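**Student:** Given chain P's structure and the hints, the job is docking chain G onto it.
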Amino acid sequence: MTVHDMKHAASDSARLEAVGGRLSRVDGPAKITGAAKYAFEQQLDGLTHAVLVGATIAAGKVTAIDARAAETAPGVLAVLTPDNIMELKGASDWLGNPPSQPTYAPLVREVTFSGQHVAAVVAETFEQAVAAAALVKVWYDETPAIVDLSDGKAGDGIPIDAMTKEWGDAEAAFAEAPVRICAAYNTPREFQAAMEPHGLIARWEGDELTIWEPSQWLDGMARTYAEWFSVPFENVRLVSPYVGGGFGSKAVALAHSAVAAAAARMLDRPVKLVLTRPQNFTSYGGRAATRQTVAIGADRDGKIQSIVHRGVNETAVDGTWVEPLGSVTSIMYATPNFSSKQNVVRVNTVVPGAKRAPGENPSAFGIESAIDELAYELGIDPLEMRLINYAEQDPHAKKAWSTRQLREAFAAGAEAFGWAKRSNAPRSMRDGHQLIGWGVAAGTYPVRRAHGEAVVKLLSDGSVEVESSSIDMGQGTYTILAQTAAETLGVPVERVSVKLGDSHFARAGVTGGSRLAGVMTGAVHKAAGQALDELIGLALSEPRSPFQKLQANTLQVRDGRIASPRGEGPDLSIADFMVAIGRDQIEAKGDTLPASTTPEERYKNYTTIAMSIPHTEGDYSRHSWCAHFVEVRIDEDFGTVRVARVVSALDSGRLYNPKLAESQWKGGIIMGIGQALLEEGVVDRRHGRIVNGNFADYMLPTNADIPDIQTISVGIPDPHSSALGGKGVGELAIVGIAPAIANAVFHATGKRVRDLPITLEKLI
Amino acid sequence: MNDQVTISPTTLSLNLTINGQAHALEIEPRVTLLDALRERLHLTGTKKGCDQGQCGACTVHVDGERVLACLTLAAQVEGRSITTIEGLAGQDGTLHAVQAAFLDQDAFQCGYCTPGQIMSAVACIREGHAGSDEEIREYMAGNLCRCGAYPHIVAAIRQAAQELRS
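Protein sequence lines correspond, in order, to chains P and G. Here the first sequence stands for residues 1 to 764, where the numbers follow the numbering used here. Here the second sequence stands for residues 1001 to 1166, where the numbers follow the numbering used here.
Source of the hints: derived by calculation from the structure; they are not laboratory data. Note that the structure is a prediction, hence the values are computed from the model and not measured. We treat Cβ as the ideally placed atom computed from N, Cα and C, and that holds for glycine. Honestly, I wouldn't trust all of these hints.
Stated by the list, open to error - A few chain G residues facing chain P, derived, Cβ under 8 Å:
#, residue
1, Q1052
2, D1063
3, E1086
4, D1104
5, F1108
6, G1111
7, E1135
8, V1154
9, R1158
Pulled out of the complex, with its shape left as it was, chain P reads as follows (with noise of 0.2 Å):
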């Protein structure tokens, strides 16, 4: 049995490259010159291009297609249509539920929405199968079609009673409440929109797959296409080693990415097929559009006495996306009766998907809002209204908070914004023609805990290699891992090279819910420290090694180099120490799984969500926490409104890269903004198309629309929610910009706008 001393880490925790320390992202030199190469960069031999034709249609069936014109075009080599595309078989679902259905046609017949892939051309050159594409012609028998939740078919939904979270008896409770708002709140669908569009290159060897693709998920991915194709999963392999942004929307294998892994298959070619941005519109879905009612009835003090909340999202007519709408408003305030309801509405759009923190974020623009609303009835500040109604432990799950510095974020936000300063009335702040608001909301999100699984390698030249199948879309993960194998084994950052995004390498889970820190760091922290004792034992022990004289206990290493901690005996780099005992490399496979699980759970766990870890587990609720402060300025008669600065205050617990946990709240605040002012995927109601796919018409926050932020962080280290002690970072901080724009804005104009964006036209 070896000891090692692991005190290192402590003494070294203000170091930059240590867990904590602000080092620059380790990826970053690729990223700056040009030289990292994105997944569908790559250079292939005789790589083929295709190109997809959508639906012009939101419902009915395709009656014929007409290729003759593609097929004889210039370097065309197959025009695929639902007639003569391979068949495939149904995939599993990310629950790793069965397949509804036996077969697979991602060319579809059936039109359930505009866009709908129906034919796809390859042909030797992009040119060539653009040009081909536009001389496919299609047929369709146009049925109405349900173009979103204002429709007057739409409905009222299906009710989803997993949803259903309730608590004492809220609408008598309510009914009985001497001060009492209910409105209801909107937000229209929205789009994840990461700059690197979706796309693969797909390449067949005999039965062995690989795809290159930008990857939230390369395991679960992988699954996906080994069930399409009914080939083992071993003998798929993703590779995704920069993601260009996902947001929530590469975790899943598309339908566009079984066009193309079976255009390759039936070419014998390798196949490149990258969506355009108006397709990244209809391919895949953003946030579904939402509709909630909050009812708060509470004492004149302030104190709230229930909150009744029904909620609806809209869905596709042949698959069900819920965005939990009752995950906020469950939690964030003490109240002795609650209730929360949701259905969904089927209307004929893509499937919609997880778009940043989704649940979570509309939740939190109803409750945050709705609160602000009781605070201006009843008079109270509405950061005095958050504080009356503080919750002590988790109002449903009705267990303590493993941490919660919400209080600590109120305080240290309101400090650095000013809050004191404010006068609460509408209307009561101006700066010559600007109207100026002051407001306040808070966010949350649960900590996502899962298991994974790391390789770690020293090498004889003392270099440290990590591998993980998990990926970095901009969130840091090469640049974390490889602090936490630096301090782990006392070697510097710089000797630490950490590959990712290759399904190939020791296995990993979704990247997505904030969930790849927490568990990454913790299965390299594993790993390595494995690495750290065979090291350590071969020192003491191995015949040929220069310590074994000592006749130690342990032995420590710092700065790559192996010593005894009393200083006494040699002092040998790792290097020397390999060479001198004959060892190319020590290698340890770190997983945090318990060493009964079997290779069939262990296949779940990292290729689909099912073995995913309750935030309530056990006697403690687990969640990151926010307060956004933000000050608007409206021009009183344009009605445009400018956010002029934001002050964040946030508990991601214990940061493993503050400089690039910043940042990541900082992202999340500006994509809060798009969505407060700007975001809005606009449906046209005779054909149920998107109108405005495209970044002219969908409007991203641009430089000229951001003002300085200020983020703070509050969190303490957290043991119960990561090895580490970080919670999340990348989901939280979206949550609660929306509300605190919308609570701005009544603060300067005194008008209250309940549905999203907040343009201007809703303000004159």
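**Tutor:** Okay, now just chain G, sitting in the frame of chain P:
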């Protein structure tokens, strides 16, 4: 949707000067500079985000001015000097001041818009449009970043502009 359309197989012989090096290309006239760089010359540092001139990810310099490579035909830039992100650092690998400042300020996350941001930033400073944060924000508004690195991009450009002045 006209099956009378015929597509001419004619190709052009082009000589492009990219990052100081001559490249001979045999391509159709409809090939954009962006696709010529990425698909023919394997210079994939220049990114395709929208392919319709709306995102700025494909920004390169033509004779020192920022240009959207997706809206430029390769044939239009023969005989002109093209600089891409791969040609920005010194021959010895020394980073351009803007590149170094982007790393220092963590002015990117996923990195996909980054080459375009950096090429735009270099031109923004050269144009004399980096005099204040407000001016930087305005003159960098054509380069979208969905990760939301904007405040750090402004900080990086401010830092690089100071270094380049001194």
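**Student:** Now look at each hint and say whether the structure bears it out.
**Tutor:** Do the hints match the structure? See the list:
| no. | hint | verdict |
| --- | --- | --- |
| 1 | Q1052 | holds, 6 Å |
| 2 | D1063 | violated, 20 Å |
| 3 | E1086 | holds, 5 Å |
| 4 | D1104 | holds, 7 Å |
| 5 | F1108 | holds, 6 Å |
| 6 | G1111 | holds, 3 Å |
| 7 | E1135 | violated, 10 Å |
| 8 | V1154 | holds, 7 Å |
| 9 | R1158 | violated, 12 Å |
The structure shown violates the earlier hints numbered 2, 7 and 9.
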